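Enquirer: The hints should help you fit chains L, Z and S with the ligands onto chain U, whose structure is shown.
Chains as they are written, first to last, in this note's numbering: chain U, 1 to 616; chain L, 617 to 1232; chain Z, 1233 to 1566; chain S, 1567 to 1900.
Keep in mind that a hint or two might mislead.
Partial list, derived from the structure: chain L residues whose beta carbon lies under 10 Å from chain U [as the list claims (entries may be wrong)]: (1) Cys937; (2) Ala942; (3) Ala1225.
Derived list of chain Z stretches under chain L, where covered just means 3 residues or more per stretch with a C-beta under 8 Å from a C-beta of chain L [what the hints assert, rightly or not]: (4) 1291-1301; (5) 1307-1317; (6) 1331-1343; (7) 1553-1561.
Bear in mind the hints are in silico, worked out from the structure with no lab data behind them.
Quantities reported herein were computed from a predicted structural model and do not represent experimental measurements.
Cβ coordinates follow ideal geometry from the N, Cα and C atoms, glycine included.
Residue-level listing of the chains:
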Amino acid sequence: MAEKLEVKELDQVAVRFSGDSGDGMQLAGNIFSTISATVGNSISTFPDYPADIRAPQGSLTGVSGFQVHIGAETVYTPGDQCDVLVAMNAAALKTQYKYAKPNGAIIIDTDSFKEKDLEKAQFKTSDPLKEMGIDPDRVIACPISQMVKDCLKDTGMDTKAILKCRNMFALGLVCYLFDRDLDIAFNFLKEKFSKKPGVAEANIKVIQAGYDYGANTHSSVANVYRIESKTKVPGRYMDITGNKATAYGLIAAAEKAGLRLYLGSYPITPATDILHELSKHKSLGVTTVQCEDEIAGCASAIGASFAGALACTSTSGPGICLKSEAMNLAVILELPLVVIDVQRGGPATGLPTKSEQTDLLQVLYGRNGESPMPVIAATSPTDCFDAAYQASKIALEHMTPVVLMTDAYIANGSAAFKLPELDKLDAINPPYVPEEMKGTWTPYKRDEKTGSRYWAVPGRKGFAHILGGLEKDNATGAISTNPENHDLMCRLRAQKIEKIQVPDVEVLGDKDDAELLIVGFGGTYGHLHAAMDEMRAQGKKVALAHFKFINPLPKNTAEVMKKYKKVIVAEQNLGQFAGYLRMKVDGFVPYQFNQVKGQPFVVKELVEAFNNVYNK
Amino acid sequence: MAEKLEVKELDQVAVRFSGDSGDGMQLAGNIFSTISATVGNSISTFPDYPADIRAPQGSLTGVSGFQVHIGAETVYTPGDQCDVLVAMNAAALKTQYKYAKPNGAIIIDTDSFKEKDLEKAQFKTSDPLKEMGIDPDRVIACPISQMVKDCLKDTGMDTKAILKCRNMFALGLVCYLFDRDLDIAFNFLKEKFSKKPGVAEANIKVIQAGYDYGANTHSSVANVYRIESKTKVPGRYMDITGNKATAYGLIAAAEKAGLRLYLGSYPITPATDILHELSKHKSLGVTTVQCEDEIAGCASAIGASFAGALACTSTSGPGICLKSEAMNLAVILELPLVVIDVQRGGPATGLPTKSEQTDLLQVLYGRNGESPMPVIAATSPTDCFDAAYQASKIALEHMTPVVLMTDAYIANGSAAFKLPELDKLDAINPPYVPEEMKGTWTPYKRDEKTGSRYWAVPGRKGFAHILGGLEKDNATGAISTNPENHDLMCRLRAQKIEKIQVPDVEVLGDKDDAELLIVGFGGTYGHLHAAMDEMRAQGKKVALAHFKFINPLPKNTAEVMKKYKKVIVAEQNLGQFAGYLRMKVDGFVPYQFNQVKGQPFVVKELVEAFNNVYNK
Amino acid sequence: MSEYTAQDYKKGQPRWCPGCGDHFFLASLHKAMAEIGVAPEDTAVISGIGCSSRLPHYMATYGMNTIHGRAAAIATGCKVSNPKLAVWQISGDGDGLAIGGNHFIHANRRNIDLNMILLNNRIYGLTKGQYSPTSPRGFVSKSSPYGTVEDPFRPAELCFGARGHFFARCVASDAKGTVEVLKQAYAHKGASVTEVLQNCVIFNDGTHESVYTNEGRRKNAIYLEHGKPMIFGENNEFGLVQEGFGLKVVRIGENGITEKDILVHDAHCEDNTLQLKLAMMEGPDFPIALGVIRDVPAPTYDEAVNSQIEEIKAKKPYHNFAELLETNDIWEVK
Amino acid sequence: MSEYTAQDYKKGQPRWCPGCGDHFFLASLHKAMAEIGVAPEDTAVISGIGCSSRLPHYMATYGMNTIHGRAAAIATGCKVSNPKLAVWQISGDGDGLAIGGNHFIHANRRNIDLNMILLNNRIYGLTKGQYSPTSPRGFVSKSSPYGTVEDPFRPAELCFGARGHFFARCVASDAKGTVEVLKQAYAHKGASVTEVLQNCVIFNDGTHESVYTNEGRRKNAIYLEHGKPMIFGENNEFGLVQEGFGLKVVRIGENGITEKDILVHDAHCEDNTLQLKLAMMEGPDFPIALGVIRDVPAPTYDEAVNSQIEEIKAKKPYHNFAELLETNDIWEVK
Ligand SMILES: Cc1ncc(C[n+]2csc(CCOP(=O)(O)OP(=O)(O)O)c2C)c(N)n1
Ligand SMILES: Cc1ncc(C[n+]2csc(CCOP(=O)(O)OP(=O)(O)O)c2C)c(N)n1
Ligand code: SF4
Ligand code: SF4
Ligand SMILES: [Mg+2]
Ligand SMILES: [Mg+2]
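One chain only, chain U, in its complex shape (with noise of 0.2 Å):
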């Protein structure tokens, strides 16, 4: 975790519009420039028109350009390659695709790849994406101008003037993208065109629609939140997001353990792109159950947990609500189980597509009686790799269900993978129940090291057992509801999850003579370091513990956050991993930055909210 990460946020980012001369993209990149600069960001623009000004329609050489590059702070150059691509032809696919960086996003409008396009645009098959090998999970295929007509037919306006509001959907779809606000657009449309009423109201319809759409579809660009290690180690790598990170992990702990990978889910947004990555590699015999609601996705991965699988369930937050009673039963049952929370905006169904960290307390302690559960919290896009390879191999180890906490913005977000070798990680050593206990032994037998409980998988002749929700006697695995044994099994739970072994939290920057020490967890790792540099820059004695493993929590917990003489815990929430400290640590009383945005920190109001307690 020492690595020292990069986050592009937001606001550093370059658009490309492109498509036929006719179709309005320099309209439509001006009017973003303009929303853009108007909100404070920084601007570049590249209008890049064709050579030839009269080329016929959808042909190669009639493909107009427009890019725009913008920051929070200045930008100097339209930026070389784009992060999003607009392409709304054929014609601009096949030409403009190479501004586009390696994982960027490219929006198409469909109805312009009809067989007469691509051969406009001298594209030899009917799949144009596969011709150019194009990742379809980058592309964001619509049909545009369909949805153009189906929004302006009652307008009375004939097709041509129609289809020239195309650009717009394309811009309103943008605008939802990057969160743009319209009514800088409408006011400028309103304006240019305040002679044609009809027309300006034609394009404003269009472009809310556009971003209807975006909204509607829970659009999102994965290389939004792009982050980056400054310290490259030499390697092969690959572009990953957060989701695909924590798909992969999954995948390499089943195949070290030497188990099959079961996933049973329900679509929720942002966790669904878990589904769909794990949905596509039946060929390493990934099994995927789509069901019928979050409570059968986590009650048959015990079922599959039971019958001997890797089991896991993906979700976010409300569907951890639904999970709640089934994730306690895999807490009696002490069966492996990693559960995924890709946190996003709450409370109830909140703000879906937004990312914040409030499903902390949840997870820790959302279920009836004394129910321990790890809980871990990857970092950034690649941790989630090892953060779910980690949590697979405690549940398993541990025989207890995991909880892997995310959030949208590195679940969506994306970051340069260095390509793992299974070889070299950690073994995965499930306690199966040793051949030698058969006739002694009992479900609720302990190894003495770990006090996990042994796995004995159905098949396994003289083995059979029946396990269950109600309390088991320690020694027999019988029902019993004496109090002593039930009193000692909640303490035999209990100690087996705190006997897991963490990794102390490692404190970043001044280690030895910070003045403050920035406490966080989870996603906000990049900007948390982003804050502490840009603090050390400005010659501050400052460090940072950022937290991955919340439960337990690491060892040197308590010296660490009692070493530093002024203390923040910054988190998007209202202060649940505070307030869980104070649980955990004596008489800790930390200063606390608390934002609920949906939004990723923004370094700079870190920086200044730091100063504060800094300076105090």
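Expert: Below, chains L, Z and S with the ligands alone, put in the same frame as chain U:
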């Protein structure tokens, strides 16, 4: 709450076995005494033979009784009246009912209440219970004869011999009710019938069957845990269990507020009696819907709340898991709702008939997002009335879901209840939207003082509006993903709860100069109070701060927690309330006493533990 | 005649994708409500989560857009406790039949007077296109890249399996047909299920293609009307007759078949055998049945709950809290 | 011939009330398993919560007694991920049809090879006697002191509504009939639902009275066997014939009716119309149908999931994690 309560524990209880002289009541009673004596109870017995030694079977004069009084401390009499009356036939009920306490439990063999039996016992109608004015809720009615026959049908015994074992079934059931160890009974019988192993075996089988019957049907006797006020105030009284008091509290609140009472529920031990009780009172317009599951129970209550009812949902811990998503919806909708959690042993299905306090953090935090919810924990059976009333009042006046926590111990326990007068109860004034707001009102406009939004019940013209689970704009009520608005809404929802006025926590005992402050919450009040009394009787300076209002905490909480040299938090879990207080009170590091046994505290153990801390 | 116009039920600017079937349905719902004439303030529209479940936001009535799958349960509490409200429940195929399946079957069984609308686009729209419990076997989607390996629910079949008393089907793009069944759904006392064949232009375009246009319906659908013979085809040339326990399509005029031989639709028939057969008809061999397929009166839960309350009020001597207290054994401490 | 005896599947001392129908059913299950002959260690018995759900504790197999209502979902994961196990799912009417209703219908729809047992005593036993979704209208119970105001589910109807391919019914006290249907339920590949009419002696004694004894069944039941005419009565004097879309009881020998006129039971018929009619028959006018009512082969979900995996394995060139990584765009930092 300053009332002084006396807890009559499990082992100060009188049981009366009664039946025909041929029914073996003396043997059953004797064995029960022996078992109790063996585990160290003090006992006093009173065999009550019929005067007429050869009275006809089933006649009033042929009834034989045997009363056992057992206690942890010396008991000097067999008890004037019994807590449990076993009546093996109609004649026994007729003659022995007078020995039962007003609210005592009555076990009958329904197979001995046939027409012929009723005749012999000189009943005039076919409904002996009604005829004697016995509340059917007090009665454990069970076809004992038939079950004994079924149990022994493969033994080759003849019917007469089989029916001789009926007494053992009753004994087994009583053993279940009082948690007696069957092994002692088995050994006793094996010895007694060492010459006739067949008879011993049959008797043992039947005892087990009676015991299992109790377990299968979650049988319980309300008055085993009897809590009585020592400082009786003049007035009119009735006996009431916690669950019934909860139901009454809701009824009173609905009437006071002038609203329909709606309960959406799904049966679950130990909460079901609330559903049973409310189902009876249709003549008060109470609406109960037994739903398909807990989710629907809570969801339907939200629908009822929207439609203008005082809406409630009752359950135990596993049901809270399932309701949590809908509870969270109520948080963001800001609709009134009372969620009743009658806590039982966990995790998972756990110990369904046992009591503990392990759902505290679940009800506080078991939901995704920032989801603040008031929590009230009733402290005794009669306090359930007040707590349910207060919970309703807070829900209605602050437009919020409220959790009312009780536990199996106080829910099934009973106490003398001074009849409340509705006139004298606090007024309940929901913030209905004033008519003047028509035209300017939006759903999330707030009352400045309370921070609560206004209530517009369907049917009112000019106030039609849409609520929803997605985040809403504070001003317009429209769906909003605006970051600042979301942060604001999260804080407004939290502040609304913080603003709720709750009474200061009272310090009992040596308020001014205690060396040790005992801290507890909810259903342990009686035991903690008794422990304090005992320590003070030993000359120690001890005080008690017992919490009923959990969220928000009373304003004086921090002050009280910091005032005393030593503080011990005693609770029936592994430290949830202590942890919560640590989160809320800077630098608070209390001693802790934790038990998770499914059983009420034992005062002696408390005193010992507290003395240890006291003497440190 | 109703005193309301469609405008009185309209609010805001719908945010669905242009061309989405939900737009059409919404317009028909506004129209139907106006014709029904229950005041907006006496109407509650309750939905779960999904594209379709956004609908309440575009209504000038009371309403709630709640959580995924629970609309039927929430609507239940609403109707039972405030029976004078007209309650409409809006769900997608995922909301109503995947996560909400249990509430769907129990609401039908209990026969609560809800107007349950199932906007069936055979896809999870809002979460970007996963298969739903109504997607056909083999359906390729983001979560089934190699095709699904399960059969879909057929909503009518499930409704009937749960003892449903009203089932109708319409096509979102068919305003006339939609308004008509909505009015009948409202008129039916008890749970009514209206399956709306709705096109998701983004993730499942064309799923109801054969009946989505006027022309398609003329060719491939049959409009069922109670009491009318089941005749269909572009020139009304076909009819349905019984064959064993099943149905057969016949051409009128051929093999001596006349209109008289054609089955007459009986939506009110308590036995649902024939209605089920009709609801299950599929192309190309059979027309797709539209209109009200089943509409059988039965006691409703909400009414029964409330009349039981009245009954007990008349029977029992205690009617308020003070009187309730007096029904207990009471003693006095002086 | 199986190498096992009932004893090999037995464990512990059941704790149900004496006379409880669960005792009888358990014995039949032990017997059926022995006759089926799947080894105890290759058998998983998964239940929810309820009196009936205690059953796994009395099995010498692998098993779980889980949480209320989720047995079908848990069993699904068990079977899909480990298809060589024989998976039995045990639920009560509350566990399976109230809280577990959604998993019940979806397991049937997906057609997962589970042997689903529904112990129907029309009551919540474990929680001391509240009405269940199979309790008849008007049923008085602790939670319905004035009688319920809702109709019950009829399990066969719901199963069919969810596209179920196997439904059988037996009476707990009828060992022979029970063992027989259990064997057929096991033999059926795909979801099988076996409704066991089970008596709760404590809270709902006599609910299945008319068929609970041998004599009662002789009078009031019909044992259906595939390929056999549907004849019943103490002296086999009655039979069933078709009438319109319904059934009629006839007396053989009267009105010229001979055995030839009697319908022959076709459990394998894909169309479930007649099977449903049979399952829904009720006294006193009709006999209660026992035996295997529907048993239609269809692709199972667990098999399809696993064969799709094999198919894709054969098709795709990458089969382990290292190869998976290589399918991505990779660059090198030197
Ligand atoms: C508890 C929960 N689970 C999952 C989701 C994610 N989710 C929202 S809508 C939806 C399905 C939408 O499909 P459908 O109901 O058919 O509506 P449509 O969008 O197709 O109209 C899902 C899975 C959620 N919001 N909440
Ligand atoms: C989540 C949850 N809700 C409710 C309960 C309480 N509960 C246990 S079993 C049961 C119903 C039992 O009825 P049924 O399934 O018919 O089984 P039976 O006891 O009749 O065999 C209920 C409501 C529970 N244990 N968990
Ligand atoms: S995604 Fe589909 S269902 Fe959703 S609004 Fe767009 S077209 Fe309609
Ligand atoms: S209560 Fe009923 S179902 Fe439960 S064990 Fe007893 S007889 Fe059986
Ligand atoms: Mg859909
Ligand atoms: Mg039952």
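Enquirer: Run every hint past the structure and note whether it holds.
Expert: Tested hints:
no.: 1; hint: Cys937; in the structure: holds, 4 Å
no.: 2; hint: Ala942; in the structure: holds, 8 Å
no.: 3; hint: Ala1225; in the structure: violated, 14 Å
no.: 4; hint: 1291-1301; in the structure: holds (count 9)
no.: 5; hint: 1307-1317; in the structure: holds (count 10)
no.: 6; hint: 1331-1343; in the structure: holds (count 3)
no.: 7; hint: 1553-1561; in the structure: holds (count 6)
When the structure is compared with the earlier hints, a violation turns up for hint 3 alone.
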